[in-house]
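Chemist: With the hints as extra help, turn the sequences into a complete structure.
Line by line, the protein sequences are chains A and B. Position 20, counted from 1, in the first sequence is what the working numbering calls 123; the numbers after and before it change by one each time, with no gaps. Position 211, counted from 1, in the second sequence is what the working numbering calls 246; the numbers after and before it change by one each time, with no gaps.
By construction, these hints were calculated from the structure, which means they are not laboratory data. Ideal Cβ placement from N, Cα and C applies to all residues, glycine included. One or more hints might be untrue.
[Unchecked claim] Here are the simulated lysine to aspartate or glutamate pairs, DMTMM-like style, with alpha carbons at most 25 Å apart:
no.	chain 1	residue 1	chain 2	residue 2
1	A	K511	B	D106
2	A	K276	A	D360
3	A	K511	B	E149
4	A	K511	B	E225
5	B	K135	A	D540
6	B	K143	A	E506
7	B	K143	A	D451
8	A	K289	A	D183
9	A	K289	A	D393
10	A	K526	A	D275
11	B	K135	A	E535
12	B	K143	A	D540
13	B	K135	A	D520
14	B	K143	A	D507
15	A	K524	B	E171
16	A	K524	B	E149
17	B	K169	B	E147
18	B	K186	B	E225
19	B	K164	B	E124
20	A	K526	B	E171
21	B	K200	A	E508
22	A	K481	A	D348
23	A	K289	A	E188
24	B	K154	A	E508
25	A	K511	B	E109
26	B	K135	A	D492
27	A	K524	B	E179
28	B	K186	A	E506
29	B	K186	A	E493
30	B	K186	A	E508
31	A	K511	B	D151
32	A	K524	A	D540
33	A	K511	B	E124
34	A	K276	A	D520
35	B	K135	A	D507
36	B	K154	B	E170
37	A	K531	B	D281
[Claimed, not checked] Selected chain A positions facing chain B (Cβ under 7 Å, derived; list incomplete):
no.	residue
38	L211
39	G333
40	F497
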Amino acid sequence: MNTVASSTDVADYIVAQQVAADALPAAGTPWLDASRDKAKAILADVGLPTTRLEDWKYTNTRSITRSRFDPVLRSENWSDTAVIEQLKVPELNSHRLVFADGIFVSGLSSDTDLLRGVRVMSMAQLLQSEPEYLKSALGSALPESPHGFTAMNSSFISDGAFVEIGAEVMLDKPIELLFVSACSGKNRLGLPRNLVLCRSGSSATVVERYLSATKSRSLTNVVTEVVLDGSARLNHYRVVDESADSFHVGGLFAQQDQSSRLDACSVVVGGGLVRNDVLVNLNAPGAAVDLTGLYLGRGRSHVDNHTHVVHHTPEGTSREHYKGILDDRSRAVFHGRITVGSGAQQTDSEQSNQNLLLSREAEVDTKPQLEIYADDVKCAHGVTVGQLDENAVFYLRARGVGEDEARKMLTLAFAADVLAKIKLPALKGYLERCVSDLLLSVSHTS
Amino acid sequence: MLSVTNLDVAVNGDMILNELNLQVQAGEVHAIMGPNGSGKSTLANVLAGHPGYEVTAGSVIYEGQDLLQMDPEERARQGVFLAFQYPVEIPGVSNVYMLKAAVNQIRKHRGENELDAVKFLKLVREKMKLVDMKEEFLHRSVNEGFSGGEKKRNEIFQMAMLEPKLAILDETDSGLDIDALKVVAQGVNELRDASRSIVMVTHYQRLLDYIVPDYVHVLAGGRVLKSGGKELALELEEHGYGWIEDQTAELLETRA
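Modeler: Written out as structure tokens, the structure reads:
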């Protein structure tokens, strides 16, 4: 690793953190100060990732590191109701929290004070009022060796969403976290930090959406930690649909206890460079995780999904199914790693990654990786990269369906099984329209 | 209805059809027979507009229009239908969804209103009976996991839905057992009428016992060697394609 180059990359962010440190929420709380300082030290040490790192081999962050982004750490009083109206999912009935460049906007959010057995609030507010409440959970699901972006997020921890679903609470109405970037101008850095605690036997749905208010360049560097206690269930959706000039680095890090179940669905519709890291630790018997993903690339966009599921204990189940549709000169990376530890007998694991290339210039690098240290397990994985079936295109045309429509129909059909996993009809319909709109400009490869 | 004149077709540079001629009037049923590799399926695909075939000479006039200038979807909307020899499986697109898109495109082309859900389903149920198809097939992905017979029935069901003026059946009998063949043939016979022409491509005489043609053409080496009435098929059955091929050889010799 080239530490000289790294330290210049991160120097601005280290200085910015030092300047801001005393004014960050709950500054002066010993454990939190120590935690931020430690993250800052890691950031200084590892720097922002470069293609020399195996995990970043195909994703060049130079487009991010050659500019300086200014962290947004406090409210800039953005409150554009017209933009929110425009960005909302029609007919999605949710408890909604809105964040502008990572900072909670109370005036645009639903009132969630009266929800029984559920806490949904601004992370900054909770840090200020009850920092000790977060001591054991905050940072507990992070990877052991976080990369520079995750360390950067942890060094600033300022705002984001805190969600806690009390034991045995079944929350039907989804919690929607709407992150709007570029509210406060060009080259702004949003650093949302979210924590979702699902107490034993609870059940809930959390939808994270990342959108742009303007076409300005921005960087979103988000970390969401999820802790599932015994038998808890969480449906988690993350939709990234930012502008073509924006950058998004996101982490979803989960710890799962006995017989808990996480269904996490990631949909990347837009963004210049999007990198998602997912780490799921199955820490007790019978835990199950289902990861699905759909990523769409067009123009010169770049989407990178890195996922890692770790089976530590017996009888765990993991399913992973990611699909990509790439047009124009877009590029995608998929790295799906599954580790089955020596104590994880009777693990049942399946992984697949399928890619549809709609243009000759589109490119995908995909790498499935199984590491198995137990001997009584069932694991399968598979990868495909292909194009639309021209015989199917002709078949549809021979039935009177126009060529564009036929290609659109087949492309949507490719995405259908991922979209079918979305249990919220309004969100599913919205995303189907997003995919379909994107395909209006579908290129003709024949 | 259809007039094919001196048609030359190449695939990857190989000449498959060679000065082929064929005239089909409204309401007629023509059988195109011939040995493997004679160009039967090529003819069917060229008429439907498959992009893999290159027409190097000749013309195809359909209802007074140059068929070769039309995209496949345009041909379908004008009433040309190809029942595929190998119907394509399309995972993720349900039969009913595809049909609805197809029916409405064709209706739109004719200047008719799109069918509402109720009328569409009524029509679907009526037409499914023709080929004895179960309703569950509607909601399954197009041809996915269908048996050979189910795929062929599905083709005829689609034909019934789209009500073409010119239907081209490409080896619709291949891979069918006798019961399935009867069902499919009965479906086709129900669709015979004075304004609809049918071109059946087949290797075997068997199909013609159930769908009796007005004319039979024997194809070999990419051209029509012999045309006649339905009795020609029986002659073929008796003598085999070798008989025609011998005649071809003689023909070529006399030409030389």
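Chemist: Each hint should be assessed against the structure and marked as holding or not.
Modeler: Tested hints:
Among the hinted pairs, A:K511 with B:D106 is consistent with the structure: their alpha-carbon atoms are about 17 Å apart, no more than 25 Å. Of the pairs offered as hints, the one joining A:K276 and A:D360 holds, with about 24 Å between alpha carbons and a cut-off of 25 Å not exceeded. The straight-line distance between the Cα atoms of A:K511 and B:E149 is roughly 20 Å, inside the 25 Å bound, and the hint therefore holds. Distance restraint check for A:K511 and B:E225: the Cα-Cα separation of roughly 34 Å exceeds the 25 Å cut-off, and the hinted pair is therefore not satisfied.
A distance of roughly 21 Å separates the Cα atoms of B:K135 and A:D540; the hinted pair therefore holds under the 25 Å criterion. The straight-line distance between the Cα atoms of B:K143 and A:E506 is roughly 16 Å, inside the 25 Å bound, and the hint therefore holds. For the proposed pair B:K143 and A:D451, the alpha carbon gap of about 51 Å is over 25 Å, so the pair is violated. With a CA separation close to 17 Å, the supplied pair A:K289 and A:D183 stays within the 25 Å bound.
Among the hinted pairs, A:K289 with A:D393 is inconsistent with the structure: their alpha-carbon atoms are about 37 Å apart, more than 25 Å. Using a Cα cut-off of 25 Å, the hinted pair A:K526 and A:D275 holds, with the two alpha carbons roughly 12 Å apart. Restraint check for B:K135 and A:E535: satisfied, since their Cα atoms lie roughly 19 Å apart, inside the 25 Å limit. With a C-alpha separation of about 22 Å, the suggested pairing of B:K143 with A:D540 holds against the 25 Å cut-off.
Between the alpha carbons of B:K135 and A:D520 the distance comes to roughly 21 Å, so the proposed pair stays at or under 25 Å and holds. Straight-line distance between C-alpha atoms of B:K143 and A:D507 comes to about 17 Å, which keeps the hinted pair within the 25 Å bound. A distance of roughly 22 Å separates the Cα atoms of A:K524 and B:E171; the hinted pair therefore holds under the 25 Å criterion. For a cut-off of 25 Å, the pair hint linking A:K524 to B:E149 is broken: about 31 Å separates their Cα positions.
For the hint pairing B:K169 with B:E147, the CA-to-CA distance comes to about 28 Å; that exceeds 25 Å, so the pair is violated. A C-alpha spacing of about 19 Å is found between B:K186 and B:E225, which places the hinted pair at or below 25 Å, so the restraint holds. For the hint linking B:K164 to B:E124, the alpha-carbon distance of about 22 Å falls within 25 Å, and the restraint holds. About 24 Å separates the Cα atoms of A:K526 and B:E171, which keeps this hinted pair within 25 Å; it holds.
A distance of roughly 24 Å separates the Cα atoms of B:K200 and A:E508; the hinted pair therefore holds under the 25 Å criterion. Between A:K481 and A:D348 the alpha-carbon distance is near 43 Å, which puts this suggested pair outside the 25 Å criterion. Restraint check: the Cα-Cα separation between A:K289 and A:E188 comes to about 22 Å, which is no more than 25 Å; the hinted pair holds. Restraint check for B:K154 and A:E508: satisfied, since their Cα atoms lie roughly 23 Å apart, inside the 25 Å limit.
About 18 Å separates the Cα atoms of A:K511 and B:E109, which keeps this hinted pair within 25 Å; it holds. Taking the CA atoms of B:K135 and A:D492, the gap is near 21 Å; set against the 25 Å cutoff, the hint holds. Our distance criterion of 25 Å between C-alpha atoms is met by A:K524 and B:E179, whose separation comes to about 21 Å. The hinted pair formed by B:K186 and A:E506 meets the criterion: a straight-line CA distance of about 23 Å does not exceed 25 Å.
Only pairs whose Cα atoms come within 25 Å are accepted, and B:K186 paired with A:E493 is accepted, the gap being roughly 19 Å. For the hint linking B:K186 to A:E508, the alpha-carbon distance of about 23 Å falls within 25 Å, and the restraint holds. A C-alpha spacing of about 22 Å is found between A:K511 and B:D151, which places the hinted pair at or below 25 Å, so the restraint holds. At roughly 20 Å between alpha-carbon atoms, A:K524 and A:D540 fall within 25 Å of each other, so this suggested pair holds.
At roughly 16 Å between alpha-carbon atoms, A:K511 and B:E124 fall within 25 Å of each other, so this suggested pair holds. For a cut-off of 25 Å, the pair hint linking A:K276 to A:D520 stands: about 24 Å separates their Cα positions. Proximity of B:K135 to A:D507 is assessed by CA-CA distance (about 17 Å); at most 25 Å being required, the pair is judged to hold. With a C-alpha separation of about 16 Å, the suggested pairing of B:K154 with B:E170 holds against the 25 Å cut-off.
At roughly 64 Å between alpha-carbon atoms, A:K531 and B:D281 are farther apart than 25 Å, so this suggested pair is violated. For A:L211, the interface hint is violated, since its Cβ never comes within 7 Å of a Cβ in chain B; the closest pair sits about 38 Å apart. With a least beta-carbon distance of about 37 Å to chain B, the hint placing A:G333 at the interface is violated under the 7 Å criterion. Checking A:F497 against chain B: minimum C-beta separation of about 6 Å stays under 7 Å; hint holds.
Hints 4, 7, 9, 16, 17, 22, 37, 38 and 39 from the list above are not met by this structure, while the remaining hints are.
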